[in-house]
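Keeping their order, the protein sequence lines are chains E and R. Each residue of the first sequence is one higher than the last, beginning at 1 in this note's numbering. Each residue of the second sequence is one higher than the last, beginning at 1 in this note's numbering.
Derived from the structure by calculation, the hints contain no laboratory data. Careful, some of the hints might be misleading.
[Unchecked claim] Where chain R lies over chain E, by a calculated footprint (3+ residues, C-beta under 8 Å):
hint: 1; stretch: 41-51
hint: 2; stretch: 65-73
hint: 3; stretch: 137-145
[Claimed, not checked] Only part of the chain R face toward chain E is listed, based on derived beta-carbon distances under 10 Å:
hint: 4; residue: S4
hint: 5; residue: Q67
hint: 6; residue: E68
hint: 7; residue: T73
hint: 8; residue: D78
hint: 9; residue: D116
For every residue, glycine included, the Cβ atom is placed at its ideal position computed from N, Cα and C.
There are 2 protein chains.
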Amino acid sequence: MRLSRYFLPNLRETPKEAEIVSHRLMLRAGMIRQQSAGIYAWLPLGLRVLKKITAIIREEQERAGAQEILMPTIQSADLWRESGRYDAYGKEMLRIRDRHDREMLYGPTNEEMVTDIVRSFVRSYKDLPLNLYHIQWKFRDEIRPRFGTMRSREFLMKDAYSFDIDAAGARHSYNKMFVAYLRTFARMGLKAIPMQADTGPIGGDLSHEFIILASTGESEVFCHRDFLDFSVPPADTDFDNAEGLQALFDRWTALYAATSEKHDPATFDAISTGKQVSARGIEVGHIFYFGTKYSAPLKATVTGPDGQEHTLHMGSYGIGPSRLVAAIVEASHDDAGIVWPDAVAPFHVSLLNLKVGDQATDAASLRLEKALATRGFDVLYDDRDERPGAKFATADLIGSPWQVLVGPKSLAEGKVEVKRRATGERELLSVEDAVERIAS
Amino acid sequence: MRLSRYFLPNLRETPKEAEIVSHRLMLRAGMIRQQSAGIYAWLPLGLRVLKKITAIIREEQERAGAQEILMPTIQSADLWRESGRYDAYGKEMLRIRDRHDREMLYGPTNEEMVTDIVRSFVRSYKDLPLNLYHIQWKFRDEIRPRFGTMRSREFLMKDAYSFDIDAAGARHSYNKMFVAYLRTFARMGLKAIPMQADTGPIGGDLSHEFIILASTGESEVFCHRDFLDFSVPPADTDFDNAEGLQALFDRWTALYAATSEKHDPATFDAISTGKQVSARGIEVGHIFYFGTKYSAPLKATVTGPDGQEHTLHMGSYGIGPSRLVAAIVEASHDDAGIVWPDAVAPFHVSLLNLKVGDQATDAASLRLEKALATRGFDVLYDDRDERPGAKFATADLIGSPWQVLVGPKSLAEGKVEVKRRATGERELLSVEDAVERIAS
Numbered sequence: 001m002r003l004s005r006y007f008l009p010n011l012r013e014t015p016k017e018a019e020i021v022s023h024r025l026m027l028r029a030g031m032i033r034q035q036s037a038g039i040y041a042w043l044p045l046g047l048r049v050l051k052k053i054t055a056i057i058r059e060e061q062e063r064a065g066a067q068e069i070l071m072p073t074i075q076s077a078d079l080w081r082e083s084g085r086y087d088a089y090g091k092e093m094l095r096i097r098d099r100h101d102r103e104m105l106y107g108p109t110n111e112e113m114v115t116d117i118v119r120s121f122v123r124s125y126k127d128l129p130l131n132l133y134h135i136q137w138k139f140r141d142e143i144r145p146r147f148g149t150m151r152s153r154e155f156l157m158k159d160a161y162s163f164d165i166d167a168a169g170a171r172h173s174y175n176k177m178f179v180a181y182l183r184t185f186a187r188m189g190l191k192a193i194p195m196q197a198d199t200g201p202i203g204g205d206l207s208h209e210f211i212i213l214a215s216t217g218e219s220e221v222f223c224h225r226d227f228l229d230f231s232v233p234p235a236d237t238d239f240d241n242a243e244g245l246q247a248l249f250d251r252w253t254a255l256y257a258a259t260s261e262k263h264d265p266a267t268f269d270a271i272s273t274g275k276q277v278s279a280r281g282i283e284v285g286h287i288f289y290f291g292t293k294y295s296a297p298l299k300a301t302v303t304g305p306d307g308q309e310h311t312l313h314m315g316s317y318g319i320g321p322s323r324l325v326a327a328i329v330e331a332s333h334d335d336a337g338i339v340w341p342d343a344v345a346p347f348h349v350s351l352l353n354l355k356v357g358d359q360a361t362d363a364a365s366l367r368l369e370k371a372l373a374t375r376g377f378d379v380l381y382d383d384r385d386e387r388p389g390a391k392f393a394t395a396d397l398i399g400s401p402w403q404v405l406v407g408p409k410s411l412a413e414g415k416v417e418v419k420r421r422a423t424g425e426r427e428l429l430s431v432e433d434a435v436e437r438i439a440s
Numbered sequence: 001m002r003l004s005r006y007f008l009p010n011l012r013e014t015p016k017e018a019e020i021v022s023h024r025l026m027l028r029a030g031m032i033r034q035q036s037a038g039i040y041a042w043l044p045l046g047l048r049v050l051k052k053i054t055a056i057i058r059e060e061q062e063r064a065g066a067q068e069i070l071m072p073t074i075q076s077a078d079l080w081r082e083s084g085r086y087d088a089y090g091k092e093m094l095r096i097r098d099r100h101d102r103e104m105l106y107g108p109t110n111e112e113m114v115t116d117i118v119r120s121f122v123r124s125y126k127d128l129p130l131n132l133y134h135i136q137w138k139f140r141d142e143i144r145p146r147f148g149t150m151r152s153r154e155f156l157m158k159d160a161y162s163f164d165i166d167a168a169g170a171r172h173s174y175n176k177m178f179v180a181y182l183r184t185f186a187r188m189g190l191k192a193i194p195m196q197a198d199t200g201p202i203g204g205d206l207s208h209e210f211i212i213l214a215s216t217g218e219s220e221v222f223c224h225r226d227f228l229d230f231s232v233p234p235a236d237t238d239f240d241n242a243e244g245l246q247a248l249f250d251r252w253t254a255l256y257a258a259t260s261e262k263h264d265p266a267t268f269d270a271i272s273t274g275k276q277v278s279a280r281g282i283e284v285g286h287i288f289y290f291g292t293k294y295s296a297p298l299k300a301t302v303t304g305p306d307g308q309e310h311t312l313h314m315g316s317y318g319i320g321p322s323r324l325v326a327a328i329v330e331a332s333h334d335d336a337g338i339v340w341p342d343a344v345a346p347f348h349v350s351l352l353n354l355k356v357g358d359q360a361t362d363a364a365s366l367r368l369e370k371a372l373a374t375r376g377f378d379v380l381y382d383d384r385d386e387r388p389g390a391k392f393a394t395a396d397l398i399g400s401p402w403q404v405l406v407g408p409k410s411l412a413e414g415k416v417e418v419k420r421r422a423t424g425e426r427e428l429l430s431v432e433d434a435v436e437r438i439a440s
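Generate coordinates for the entire structure from the input sequences, incorporating the hints supplied.
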C-alpha cells in the first residue's frame, strides 16, 4: 500500500475527549473516528487490525469444533419475554418499535436467538455436541460511554454457544472453549490469565474471565507469578479428548488468580512473596456455563439414547474484537505510539523512502516493496514527499513491528536501515539481507 | 468438513411462506432461517456463500482503488437533518430513541456519514481522488417484507462512496466502479448487463443498474443480444487511465438495454429481430453520480490547486451481498436444487461415501477428502450412515459443482464416479484421475 494514496488521517493534537491511552493513540493514528457517543467508524488502519483479530479468533473457534453462523442484529422482543430477560435487562438494551409498532431490540447478546434456532432443528442427541458462534455487532446503551472502543455502545462480539445433552458434555464443551481462548490470546501476542468470575446478567454456575496484564488496565488483579511462564496448549491439541482437556483446565486453574471482586487476601498472602503478582488487568474474554437457564424456559430439548426428552445444557463464550484492539494498544505502546504484536499489526513493515524523487532511494524502495510483498508481508510504503522526521513520527505512531529506512547516505554504501519498533534496535543491511532479517 | 458433524438442517417439506424459488431452496438447503419478518439468520452453508461473495467484491473494489472502512449501523438523526433526508425518508427508515432520548436511526445507506468523515479530515485536492467502501448490515423497514433475502429488512450492503474535486474526476471514479462491477459479477459466474436507471431516494444525474437475466426475475428487461457475448475487462485493466475506462464504459452502454421503467419500445423495435432480447431480470448492483447533492449541504469542501474552496463531487455504488445470494439461486437452479457457480459455491465438492463402514469405501473417501483439500478445494464429506438416495438428494439440493460418489461396486474396479452438478454428466475414474478431473 502506498501511503500517498492511503486514507490515514493522523492527528497532530491529542484529542481532549480521550481519557485513556488506547483511545488517544487510536484516534491519533487514524484508526477510528467517533460518529456519535460511544459509536465509532473504523478507518482503514483500524479495520485491518480488527480483521486480523477476527481471523485468529475464527481459526481457533473452528479448531475447537465451533461452527460459524451469522445472526441478525435486530431481534424480536417476544423471544426475550420467553426467557424472562426482556424486562430484567434494563436501560442498556436498545429497544425499538418498527413501523407496525412491533417491539424489537438491538441484540446485546444472543442466548435466546441461538436457542431458538437450535430448538427448531435439533431433535436428537445424535446432533450433539453442537457449538455455534458468530461475529456480529451488538449494542449496549451505556449511560456514559467512554474509553473509545474499549467500552463502546456499538461493539463487535464473537459469541459462541454450546449445546450438550448433559452437564458432563457441557463441561467438555466449556473446556474446549477454555483452551481455544488460551490459544487465541497467545497468538495475538497476549498473556491472558483465566480468573474465576461473577456471571452477571448471563447467569450460571461456572464462569471465567480472561485477563491480560497492562499497567493502564481498568481493574486490579492478583495472581501467582508462575502463570506468566505457562506455555499454551499446542495447535494439535486433541479437542475430542475430554480427559485431556480437563487436565489442561485443572492445570490452568490450580494456581491463585482473581479479579478484585473475587479477591481473597488470605489465600493470596499464603503465596510466597516472590510469587505474588498484584497488577492491573483488562478483561478480554468471558466464558459461562449456565446449564438449562435458557433451554428450560425456551423448551429446547432433544431425545436421548434412552428415548426420553432431555433439556439442553448450554454455555456461552464471548470475545469482543473491537474492545480487544484497544486492549492490545493498552498493553503494547510507548511514548511515540503503538507497538503492534506481529500477528495483529495492520502492516508488518513501514517502508520509509527518505528522499522521494532520488533515483537510488526510489529504486531501492520499489525493490524492497516488491520483495517483501512476495514474501507475504503487508507493507505500507511511505512515498510521500515529506521530511524524514514526519515519516519517522508516522511510522512510530502507527506501530508497524518493522521499519525499513531507505536514505541516500546509507544507500551509497549499499545499505538500508532496519529498525525493530518494539526495541528500537537498528541494523544496517543490504536490501537482500533486510528482507531476510524481517522474514526470519 | 464432515457432514455428520456439520450443522446443515435441510428441510424435507417446502416451506409454505416462501413465494419464490430462491427463498424455498435457501430454506430447504439449510442456508438461512427467518428470525422475524424480513430478518434472517445465516446458517453455516449460507454464510459460506455470503463470504465467498464478499471476498470477490472486496478484491474488485480494491483493484479499482477503493479502500475499506467500516461505519457503524446506528447513526445520529442530526446528520440526516443536515442533508434534509431525515424527514424525507419516510417509514422505511428504522428510527430509534436511545436512553437519553436522542434521535438515532439504523442506517439504510451511508451518504451522510461518509461525507461527515471525509469533511472532517480531507482539506486539499492532493488527498483526492478518494473512494471509501464498507460492507455492513443495513435496515429498511419494508412494509411487507417478502422473497427471503432478496428483499429483507436487515440486509448486507457493500456501499462505496467516491470523492473528487470536479465532475470530470467524479466521472473517472464512476467509470472505475462501472468496470469493477462488470468484473465482480462475471467472477461470480453471472452475466450482468448495465442499464440506465432512475436514481430514486439517492438522487443524482447519472445512474446504472446491473441486471442479471433469470427466468424467475422480478422485472421485465429489454436488451441487445450482443451483450450476452461481451467479454468483461481483464484483471490488468489500468484503472488510472481515464480515457481507457471511458472507452470501456462507452462500449458497454452503446447498445440498447433498459428495464421496463426506462423502456422505449420504438428504439427496441429498431433492433433487428434476431438481436432483440426480452427477458426477466434481477437487479444486483446500482451505481450513482450525484455531484454535490450531499457535499453542498454538509459543506464538504477542499482547497483546489487554484487556492479556492471546491465542493466535492460524489458518487455512490451499491451491491447487496445478501440479496446476491438469492439472485444467484434464482439464476442457477433446477428441480433438484441449487446449482452453484464454482466461484461462490459453499463447497466445491460433495464427497459421497455410499457405504459408510465398508473398509474400501471409507479408505477411498478419506484419500479423496485429503487429496482434494490439499489442492485447495472445500469438500463436504457425506460420512453419514444414510442410504445412497438420501445422500444424492442432499448433494443435489445444496448444489456443490462437483459430486464424487464412492460406492463398493465401482470401487471393486478401482473407480469412483465424478458427477458435474450443472450438466449431470458422469464419469468413472480412478481416485487420482478424479482429483485431476476436478482440478482441471
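Verification of the hints:
1. 41-51: Result for this restraint: holds, n = 6.
2. 65-73: With 8 residues closer than 8 Å to chain R, the stretch 65-73 of chain E meets the three-residue bar; holds.
3. 137-145: holds (count 4)
4. S4: For R:S4, the interface hint holds, since the closest Cβ of chain E sits about 9 Å away, which is under 10 Å.
5. Q67: holds (5 Å)
6. E68: holds (6 Å)
7. T73: holds (6 Å)
8. D78: holds (9 Å)
9. D116: holds (7 Å)
Of the numbered hints given earlier, the model fails none.
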